[in-house]
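J.: Listed below, chain by chain, are the residues.
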Amino acid sequence: MDNADILVGIASYNNAKTIGHVVKAVDAGLVKYFPDKRALIVNSDGGSKDGTPDIVRSATHDHAAIFLSHPVYPIHRISMPYNGIPGKGSAFRALFRKAVEMKAEACCVVDADLRSITPEWIELLLSPIFQNGFDFVAPLYSRHKYDGTITNSIVYPVTRALYGKRVRQPIGGEFGFSGNMAEFYVSQDVWESHVARFGIDIWMTTEAIANDFNVCQTFLGAKIHDPKDPGSDLADMLLQVVATLFNLTERHYDKWKDQKGSSDVPTFGFRYHVGLESVKVNAEKMLNIFRAGLKDLRNIWMGIMGPGDLGEIESLGSLPGGSFRFPAGLWANVVYDYVIAYQRKVMAPEHLIRSLVPLYLGKTASFVLEAENMEQEGAEAEIEKLCVEFENKKDYLVTNWK
Amino acid sequence: MGNFMELLLQPLRDFGMTFFEFVPNLLAMLIIFIAGYFFSRLIKLVFLRVFRIINFDRWCDKAGLTAVIRKGDIWSKPSDVFGGIIYWFLIILFLMIGFSALRLQTIDNLTAQFFLYIPRAFSALVILIAGYIIAGFVSRAVLITAVNSGYHYAKILAEAVRLLLIVLILAMALEQLRIAPGIVIAAFSIVFGGIILALSIAFGIGGIDAAKRIINGGEPEQKGEKKKEKERDAEYL
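Chains A and B, in that order, give the protein sequences. Quick note: the first sequence uses this note's numbering, first residue 1, plus one each step. Quick note: the second sequence uses this note's numbering, first residue 1001, plus one each step.
Since the hints were derived computationally from the structure, they do not count as laboratory data. Take the hints with a grain of salt, since some may be wrong.
[As the list claims (entries may be wrong)] One side of the interface only, derived from the structure: several residues of chain A facing chain B at Cβ under 10 Å: (1) HIS144; (2) ILE150; (3) ASP233; (4) ASP258; (5) GLY275; (6) VAL279; (7) ASN288.
[Stated by the list, open to error] Derived SDA-like pairs: lysine to any residue, alpha-carbon spacing no greater than 20 Å straight-line: (8) A:LYS295 with B:GLY1136; (9) A:LYS345 with B:ASP1233; (10) A:LYS280 with B:LEU1009.
Cβ atoms here follow ideal geometry from the backbone N, Cα and C, with glycine treated the same way.
Pulled out of the complex, with its shape left as it was, chain B reads as follows:
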């Protein structure tokens, strides 16, 4: 009988022990969640204040980031959007830290993977932001130069350059995130190679005269000009 009672009570005792071992972890998790929530809100407020001081929204307008956000159908101010991103990043971070306080094997593995992935996600985000700014800068430079050269399809050329750069940047970001790297590299090679081939063929067919002039060093035009009356070009300075 004594053994039987022991058999009945032992699981309860084990459960009680496990439960009382678990309760502090649970409490720690809840405290981390609550502290994390308030900390995240505080950090968000600090960032919003800093953004306001440095005129972050105006800078985003100039850099074209506001336009990108609007294309994603987000109509909040860029400072609010970035404040929100920081807030939710911290919330997720504290959730993972809180879960790790439970000391459960599965959650510990998940947390470890999450923290290992953060640097990659951060690198990808930096690549995307820097890449977008560089693509905009280069595309604008191409547009202005093409217009100043009297090129008729300046806007199309500038958009093509922007598209090429964005394809390149997306491929780099996906490769950084290790999302199907084999497929990304293959797809990128095909798309990028295809675009370059298409442009080469287009130039070869459409710009055959221009290509001939470039190869001949502009000789036909120069010869023609020399035969004209003795006039010189106007000076700019």
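Isolated chain A (complex conformation):
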């Protein structure tokens, strides 16, 4: 197979339990919605030891038993290892290269650990590219109010305030993108940084927005997947995502400095309510780490935030558990203080971002306590308020930028 119209990428590492279902759903989606397109499913594997690539090659279902029509072209599948730093970003890089090599018109990537993927996801991720000429399709999910706390408290508010586009899940994991977008990604020299790991999602979204590609989002329903690798802990994830976010902020200063307010991006898909699994959170444990930070990281925080914001944070330390609240405006200031400190190279980037963990946990605990009796809509309204605070306080970031 020399060329393909569609390339669907699946990055994997030891996903034997779930990848069969993902491949079947992708295959069914391609047959059902794009029967006249030449399609290729590519598995970019990080050296799985549980037979993941074999399952990709062998997973099959009887098209005749499911569909009335047959595909014009057979759907090819390949499983290939990737080179570079082990991580999702390096796996995606191999997929982008393959997409450029095959001259694919439209591509999408889906996680290998998904349990809730249906054939419709493929249509929802690819149709905006084929039919409406979009270059980048971000996902939109129904999520539990306590899920996606890095997204809700840092990545979404900062991205929205800086670039003025309301892409609700900028680090969702599933994306659709055009062949032009894949070419752009391949040409960038970022593959030795955190982009090679969990930074890939925010990098893809931000580069698409900041470089004026046509961006939209599409509603996929609930996202249910296997638990993440326990080895990838909070501090590492936060480091990889936030360092990439801050690097992009430095890189695209000219793009965001004059941007005021924000606007919706076109949204596809039929929105509906989904029953979600219950989620356990331990706000008390988060607050203990926040208070430990207040006690032991004071000097570090002073160097980053200065006495004003630190003084306000210290006053939160004495609040009892139930009534603990981290004001949205103060949180926006803290995040902007960190962006500025990162730009001014106040300390080693790794130390700087890791020192944000107790503050982030304090903010998350506050949200958990606040949203305890709220429905999903109420929790979403709180996130909206937070985003407005980030937009209102953006001048603070612009003024202090050197």
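Start from chain A and add chain B according to the hints.
T.: Using the frame of chain A, we list chain B on its own:
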């Protein structure tokens, strides 16, 4: 009589010859001192200008070097302190070069020893500066990681790590300077070994449950958690 006069005049002639041989050396020494003084001042001014341009004081603040200087009860700006060190190093260097111009055996030996010692002193200084920065970096990394892990004695742990590293760095610097190397190595082995032993005993007694959990691969907690209701952890991303 003629011989007697010769006996009287010869020492004077020898003295005169030696004196007139010595005077150019003395003049050379004085010229080296004066030139060295002005050269040192010039170099100091150049360094101060460069320090100002590269924002050296701010860098010292960030790296924690200013705090070290303050602990030594020195309240000048770090750029002035380092400018002063460079100035006095050059003054001493020109003094030694000047003295060597006298061509006196004792001073020549002293000068030779001084120049042989310079590389060692420089290495020791580099070890101390680099070591101090590394100790600060590692200690801060330990502090942040320990706080993020919810460890109660994060600050004590970070300070203990810093102390261990500083002991190691001091021992390395003293060994480089060849100051009582036998005693330094013995003292270092005793102090470092003692600290490690103390920490091991402390962990063995105080952290016996934690050690048991680590050895068992966290099994007791995991089993307990599996029995709980069907809930999953919240996702961060």
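J.: Confirm or reject each hint.
T.: Okay, the hints, checked on the actual structure:
no. : hint                    : result
1   : HIS144                  : holds (7 Å)
2   : ILE150                  : holds (5 Å)
3   : ASP233                  : holds (9 Å)
4   : ASP258                  : violated (29 Å)
5   : GLY275                  : violated (14 Å)
6   : VAL279                  : holds (5 Å)
7   : ASN288                  : holds (6 Å)
8   : A:LYS295 with B:GLY1136 : holds (19 Å)
9   : A:LYS345 with B:ASP1233 : violated (34 Å)
10  : A:LYS280 with B:LEU1009 : violated (109 Å)
Checked against the numbered hints given earlier, this structure breaks hints 4, 5, 9, 10; the rest are met.
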